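Q: Spelled out, the chains give:
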Amino acid sequence: MWGYLSKRVVQMALTFLLFQAATYFIIDAQPGDIADLLVNNPDIPPSQRQIMREELGLDKPPVGRFFTYLTNFYKGDMGVSFQQYPKPVSEIIIERLPRTLVLFLTASIIAGWAGFVTGKMLAWKRGGWIEHSSTIVGVTLYTVFTPWFGLMMIWLFAVQLDLLPTGKFLDPIKWLGTDVSANAVFISLIITVSIASIFVLTSFVLSNRAPRSYRTPIRLGSVAVALFGLVAYWINTGKAVFAWDIVSHTILPVMTVTLIAYGGYMLLTRTSMLETLKEDYILTARAKGLPAKMIRDKHAARTALLPVWTGLVFALGFAVSGGIITEGIFSWPGLGQTLLNSALVADIPVALGALTVVGIMVLVSHLVADVGYAFIDPRIRYH
Amino acid sequence: MAITDKVLEVNNLTMHYSTRRGPVYAVDGVSLSLERGGSLGLVGESGCGKTSVAISLLKLLPENAEIINGEIRLNGTDLVPLSEDEVRVHRWRDISMVFQAAMNSLNPVYTVEEQIVEAMVQHMPHLSEQQMSDRVDQLYELVGLDPKIKTEYPHQYSGGMRQRAVIAMALSCNPDVIIADEPTTALDVIVQDQLLKKIKEVQEQLDMAMIYISHDIAVIAEVAERVGVMYAGKMAELATSDEIFHRPLHPYTMGLMSSFPSIIGEKTELVTIPGEPPDLLNPPPACRFHPRCPFATEICRTEEPEFKEHVPDHWVACWHPGGEA
Amino acid sequence: MEETLETASPDAIRSAAAPAPRWRVRLRLFWGGFKTNWSLFTENPIGLIGLGVIAFFGLLSVAHPILMATVWSGNVYDPVRGIDLEIPFHPSAPSARHLLGTDPMGRDILSQLMYSSRFEFGLGIMSAVMALFIATAVGALAAYYGGWLDSALMRFADLIIMVPAIPILIVLSAIIADFGMFQLALFLGVLSGFGATAIVIKSQALSVKVKPYIEAARVAGGGHGHIITRHMVPNLMPIALLYMMFVVTTAIFAEAILSFLGLTEIEMSWGLMINTTQVLGYILRFDTWWLLFPAALSITFLCAAFYLVGRAMDEVVNPRLRRR
Chain A
1 MWGYLSKRVV QMALTFLLFQ AATYFIIDAQ PGDIADLLVN NPDIPPSQRQ IMREELGLDK
61 PPVGRFFTYL TNFYKGDMGV SFQQYPKPVS EIIIERLPRT LVLFLTASII AGWAGFVTGK
121 MLAWKRGGWI EHSSTIVGVT LYTVFTPWFG LMMIWLFAVQ LDLLPTGKFL DPIKWLGTDV
181 SANAVFISLI ITVSIASIFV LTSFVLSNRA PRSYRTPIRL GSVAVALFGL VAYWINTGKA
241 VFAWDIVSHT ILPVMTVTLI AYGGYMLLTR TSMLETLKED YILTARAKGL PAKMIRDKHA
301 ARTALLPVWT GLVFALGFAV SGGIITEGIF SWPGLGQTLL NSALVADIPV ALGALTVVGI
361 MVLVSHLVAD VGYAFIDPRI RYH
Chain B
1 MAITDKVLEV NNLTMHYSTR RGPVYAVDGV SLSLERGGSL GLVGESGCGK TSVAISLLKL
61 LPENAEIING EIRLNGTDLV PLSEDEVRVH RWRDISMVFQ AAMNSLNPVY TVEEQIVEAM
121 VQHMPHLSEQ QMSDRVDQLY ELVGLDPKIK TEYPHQYSGG MRQRAVIAMA LSCNPDVIIA
181 DEPTTALDVI VQDQLLKKIK EVQEQLDMAM IYISHDIAVI AEVAERVGVM YAGKMAELAT
241 SDEIFHRPLH PYTMGLMSSF PSIIGEKTEL VTIPGEPPDL LNPPPACRFH PRCPFATEIC
301 RTEEPEFKEH VPDHWVACWH PGGEA
Chain C
1 MEETLETASP DAIRSAAAPA PRWRVRLRLF WGGFKTNWSL FTENPIGLIG LGVIAFFGLL
61 SVAHPILMAT VWSGNVYDPV RGIDLEIPFH PSAPSARHLL GTDPMGRDIL SQLMYSSRFE
121 FGLGIMSAVM ALFIATAVGA LAAYYGGWLD SALMRFADLI IMVPAIPILI VLSAIIADFG
181 MFQLALFLGV LSGFGATAIV IKSQALSVKV KPYIEAARVA GGGHGHIITR HMVPNLMPIA
241 LLYMMFVVTT AIFAEAILSF LGLTEIEMSW GLMINTTQVL GYILRFDTWW LLFPAALSIT
301 FLCAAFYLVG RAMDEVVNPR LRRR
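Chains as they are written, first to last, in the numbering used here: chain A, 1 to 383; chain B, 1 to 325; chain C, 1 to 324.
None of these hints come from the bench; they were simulated from the model.
Note that the structure is a prediction, hence the values are computed from the model and not measured.
Any given hint could turn out to be false.
What the hints assert, rightly or not - Covered by chain A, according to a simulated footprint, are these stretches of chain B (three or more residues, beta-carbon under 8 Å):
#1 119 to 130
#2 144 to 158
Unchecked claim - Here are the computed lysine to any residue pairs in the SDA-like style, where the Cα-Cα straight-line distance is at most 20 Å:
#3 A:278 - B:103
#4 A:293 - B:83
#5 A:293 - B:146
#6 A:278 - B:51
#7 A:278 - B:60
#8 A:7 - C:67
#9 A:278 - B:61
#10 B:308 - B:204
#11 A:278 - B:65
#12 C:35 - B:83
#13 A:293 - B:60
Even glycine gets a Cβ: it sits at the ideal position worked out from N, Cα and C.
Only chain A is shown next, with the shape it has when bound in the complex:
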């Protein structure tokens, strides 16, 4: 198994290098070079231009320039933003990346889990209006025009019900005059919520050992404790208002991306289950006199998971795209919105940097998916 994994890591590194080469040379192939773009940018003082030329290695041959670009990249230097000159691209990205990661991970995990559970239940009950209506719901969520869907969410929850804000990361009015850093609050939020989630998850897993009647109380109890702990912590630090402000702005984007991604997972699971149910070992499980639920979950779903997991790769890419568009609609300042914005104003270093980081994100999730697959398929593990 480890041999397989290390091979994959090497492959991915190579692929990424190719990707960087491709993006670099496409830009390079444009008439004029970066320097011209910089030169034409009125924000840059003339004295800087020649220095930049040398720094960027623009006086060297193409391959040399590429190597300079690469070395800079791996040192963490992705150039400087045009729009927000002279802010370094890496700084912008580091600020925005955690937000998109939160969006992406939360949405993917919830959508994946919910999609899998509903998909396997729907495949078990074939035919009838349930199957057709769930197909329609799933497909609609999958193909719905994302901007419109985002707008509908805004309309429903923000305008009609007035429950949540219409967009952006936070409400500037609430933060005026304080010296609290939004980013710091966000990072602390991530940490505290992660701790709470891990707590709840472990208690869920441990509760499987407990006798049946105790399980639900334990699980409900742990969720209650976690929530209480979170609220107590934040009130204690006095920043509860700020934390809630950020959270309330994050809920709608997360919901939107989750719903969009859900459709894909549900349909994929259902198809995979339907194929798995035709296998011989399902018939054997029936012959053994096992109860229906056990056959569905232990035998069918568990094995159907394999193709679903491989399909995960595409679902993740889809979630990333959806996330970018959603961030745009909600003006939620994550990496996606940065990508969009920089493309619209032709701030090429930032656009390129964001795209590359998105690429890394996708690549890493592919790797995680591969690792996960090696664990769930014994045929990979033991060969």
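Place chains B and C on chain A using the hints.
A: For chains B and C alone, kept in the frame of chain A given last:
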């Protein structure tokens, strides 16, 4: 038929599949019986209904199939009217099955031991974990496998090993009847031979009743005390192995016997039965074999022959058993 | 009961085959196969719904030039340059004159919708056909030759899958220039063709490669080209066509997103309609719903329709998914 100690009695079983082009009566009025510890071989061409009978006995019918007539008495209890939940209790514990091409009967993501223990947990929950583990060891030794490999995954076994494992799994809850559907077809001849001997050994040791399904007469001859010959969804002939092989009464059986080459005895011409088995969507009227039968007469084309005892304990459905007029 | 090829006796078949010309037999076989597949396809109402929606939009695209030539006057109803001067305030609500109202620049919404249908279909089909060629070629060649060609193509496919199409398109439009319809179709076709579809077709081609008739063809003296084009490709067609449906979905969706963001140079499309709505500030106003809903819903429905047809085709192509 006198009611003796019969562990399994099937009377007039009729089952059909609903297909897009109409119902297919894969099992049409089939009757058979099995004594405690006895062995019955079911023989016939592909598509004659042997496997359909087998899955009907466990009521493992797919969505589009239905038993519309007959009774299946397992230890006296009729399984046909029972609900799915009621039948589940009997499955594996009283009657189990080794499927055709059993290689794929094992789920690739669980160890073989887990899958055997699963059945035991379901039907013998009073056993402790250790007892179940010991039992798996015993079963492995019984079928000729090394107990140490029980914790491995199905893909790590060879074809023959998987077959033995599946047999061990079928034996795990000490069933009264075990149905083996072509368990050796997918294996090479040497392994096949070993496995057959092993199966016979196990059956005698456990005093277990067995239904052995095959299209290979040679195999049936080795394994079964009694033989049932099926044709086009119907039971053509049912008698002891000796009777079937030396004094077959149904023309189809006679054809089967002559088409089998023998390395002893005088050289005779290999005879094949002309024509093909009928399409079960639209079977021939009356006797289903009449289009291919050398002895067919007018009555064969108009009236269906009854399945009855022509000679004591030798059942046949034919108007001219033995070729007599 | 008429004798079909299935239940005819051997003699009848033998005598029937001799005089009939080969193309006639092929046609009959094809038609028979088509009928069976059609009945399988129609078992699932989902596929029919999808087909119906596609037909509806197809009708719209065909009807538009007819309407423009007859009932609708060019000055008022032209989707790009028209303007209705008789109505004082634009955008105007749906009325007898303008069934779906007018946009802020005075143009008839329904006309825009119908006009764009043509582009959507054109774009989708162009991308799909291109992807079809590329994916089939890549998959078949990689499976047939194996070795370094296989590795190279698969590595390339990995690269393509690596980053989702839409972010790439967004950044590319910033760097190079805004996309026109042909460039977009080309790009999407290439991306889809070399990517996931190629991998799927390759695995299908691998299972075809080991089939006995391939061996038979080789023994009969068939060269590589002959085997690939005459034997492998026809057996890859069903699954390739299936995935083409999904390519169309992706193409229409991607174009809509890009046009909505203002990153394309397409004359008129549904995405562009929504872009106009947003640029002129009407996007979050629900009293002017006709500026947003028809276009957004059209995108959703057409994408969904192709996807549903693809899913229904899946049941035809993949027997394990069928009910019986």
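Q: Could you tell me which of the numbered hints above are not met by this structure, giving the numbers in increasing order?
A: 5, 8, 10, 12
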